[in-house]
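Participant: Chains Y and E are the protein sequences, given in the same order. Using the working numbering, read the first sequence as starting at 1 and increasing by one per residue. Using the working numbering, read the second sequence as starting at 135 and increasing by one per residue.
Honestly, the hints are just simulated from the structure, not real lab data. Please read these numbers as outputs of a predicted model, since none were measured by experiment. Even for Gly, the Cβ is constructed at its ideal location relative to N, Cα and C. Be aware that one or more of the hints could be misleading.
Partial pick of chain Y residues on the chain E-facing surface, computed with a CB cut under 8 Å [claimed, not checked]:
#1 PHE61
#2 ALA67
#3 GLY75
#4 LEU134
Number of protein chains: 2
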Amino acid sequence: MANFTLDPRLARDTTLLTRLGLCELRLMQDCRWPWILLVPQRDDIVEIFDMTPLDQTMLTFETAITAKALKQASGCEKVNVGALGNQVRQFHLHIIGRNSGDPAWPGPVWGHGQAESWNEADRSAFTERLLAAL
Amino acid sequence: MANFTLDPRLARDTTLLTRLGLCELRLMQDCRWPWILLVPQRDDIVEIFDMTPLDQTMLTFETAITAKALKQASGCEKVNVGALGNQVRQFHLHIIGRNSGDPAWPGPVWGHGQAESWNEADRSAFTERLLAAL
């Protein structure tokens, strides 16, 4: 898509899994939670109200289908959705699968401890299940 | 609206400011941040994908106008938006004004320290600015 450059920190911390109509769907490089980022392929978006109404609607539908697929693929108990952007201003939406007793439960995952790398077999298996569920 | 009962914990922690087309717009009883909750006036919604596509679209537009009004009324640097629901399962969306150096910056506000009560004058003034900006 024209005019879209991914923030270097988002590029470093996540892996592209697929592109939806509006967003890149990326996997966080942290196996403690099933953790997806949606990044609208638009430049200069910081807040949700910087998007056009059509893009806002697209984002909502992509959020809903991703959240549903994540719940199905991970069997998580609850989905957390959040757009913070305190550290990286390019608009990005987190979609995270949560379970009672997970490392940060019931608190938020952001800023909690240190990321743990996926092993390749687990990442492949999870990614395959997620993309099948989308 | 028929068939809507607010969760008692949300009722205890927040104050109704107004009703939008879909959501109750409520103020968190914590003056550390300008902190709004949107609660869709529908029963049995836990995840965003439990809503109809029309309700999802309404929620998105109400989120955008509330976030924009919050930024305008508070002069905040960044807006954080999140739907977690790990503790209260009734769907509710947080919209929070953030600034460099605020009590939890740059981390998330959820679960951070203890809530501090608004004084009545500050709350009235903020509420008036927010409703005017909506």
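Participant: For which of the previously enumerated hints does the structure constitute a violation, in increasing order of number?
Facilitator: Result: hints 3, 4 break, sorted rising.
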